[in-house]
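The sequence shown begins at 16 in my numbering and counts up by one.
Quick caveat, the hints were computed from the structure, so don't treat them as lab data. On a predicted model such as this, the values are computed, not experimentally measured, just so you know. Hints are not guaranteed to be accurate.
To be verified - Think about it this way: if two alpha-carbon atoms lie no more than 20 Å apart in a straight line, the pair counts; the simulated EDC-like pairs of lysine to aspartate or glutamate are:
(1) K74 with D37
(2) K237 with E249
(3) K74 with E34
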Amino acid sequence: MPEIEGIVVPLVTPFNRDESIDEGALRVIVDYLIDAGVDGLFPSGSQGELYALTSAEKKRVTEVVVEQASGRAFVMPSTGAVTTRESIDLTRHAEAFGADAVSVITPYFIQPSADEQVEHYVAISESVGIPVLAYNNPARTSVSFTPAMASAVAKRAPGFVGIKDSSGDLTNTLDYMQRCPPGFRVFVGRDTLIHAALCCGCVGAVAATANVAPELVVGIYKAYQAGDLTLSLELQHRLDPLRHAFNLGSFPVVVKDAMELIGLPAGRSRAPIRSLEGKAREQLIQILKDMGKLG
Numbered sequence: 016m017p018e019i020e021g022i023v024v025p026l027v028t029p030f031n032r033d034e035s036i037d038e039g040a041l042r043v044i045v046d047y048l049i050d051a052g053v054d055g056l057f058p059s060g061s062q063g064e065l066y067a068l069t070s071a072e073k074k075r076v077t078e079v080v081v082e083q084a085s086g087r088a089f090v091m092p093s094t095g096a097v098t099t100r101e102s103i104d105l106t107r108h109a110e111a112f113g114a115d116a117v118s119v120i121t122p123y124f125i126q127p128s129a130d131e132q133v134e135h136y137v138a139i140s141e142s143v144g145i146p147v148l149a150y151n152n153p154a155r156t157s158v159s160f161t162p163a164m165a166s167a168v169a170k171r172a173p174g175f176v177g178i179k180d181s182s183g184d185l186t187n188t189l190d191y192m193q194r195c196p197p198g199f200r201v202f203v204g205r206d207t208l209i210h211a212a213l214c215c216g217c218v219g220a221v222a223a224t225a226n227v228a229p230e231l232v233v234g235i236y237k238a239y240q241a242g243d244l245t246l247s248l249e250l251q252h253r254l255d256p257l258r259h260a261f262n263l264g265s266f267p268v269v270v271k272d273a274m275e276l277i278g279l280p281a282g283r284s285r286a287p288i289r290s291l292e293g294k295a296r297e298q299l300i301q302i303l304k305d306m307g308k309l310g
């Protein structure tokens, strides 16, 4: 098993004008990110528009990313779904096609209880032989997978090895480390907290901004690993405006628009989400210029 740590990119899913998946563009983006030094790839996550993809599309995206990565970075597809049955199906498919691990978002829309969430993750973890990580994103799902729940799953399912926490609450993020067994892998899922989370013991970050500025996000991690905390913090401050720019439009279009502006084939988001226009687009362009991503 590869080391599940470092900078992981929640890949965008490129679409053609008819909203079909642009597999050629996806391969280009995979190569771009690996060449920039990222450690892992996280297809079909929130930034990848998981809510807009069918199960068949999620499976195909996994196949393309695993094939294109070809062992150069670990691949950890998002295999969460509303039901345990579909989550297990997606997770088994990911294992069969060579994924190194999976990340499973909490069931959304239905708001399951704590006991139901624990049983959900235990069942998924026991269905495969590859590592399973949870994905906590309460702002998107209206469900919190708490440190206590994570601890309960980890005690019952050895294959349950970590979590991506996108709560934005660093206290919550760190509590997973306190409650779960030694070696439990905690990734921060809020791009403005990468440096702080690393300083507090997180093994890495799943950062949507890395689709646009992978060298900057990787730089934060590498500087920290080298013991240069001053540089790591400086790079964090350079990255922050791009994360704050997410408020310029409807999620997840800002990252896709930024990628298109710097020449990457991210394509459009699926309707009803639309690209930025007017002042919001001008603000994004200025942020990219200030970051040195646009001339």
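Structure-based check of all given hints:
1. K74 with D37: holds, 14 Å
2. K237 with E249: Answer holds: K237 to E249 is near 13 Å, not above 20 Å.
3. K74 with E34: holds, 17 Å
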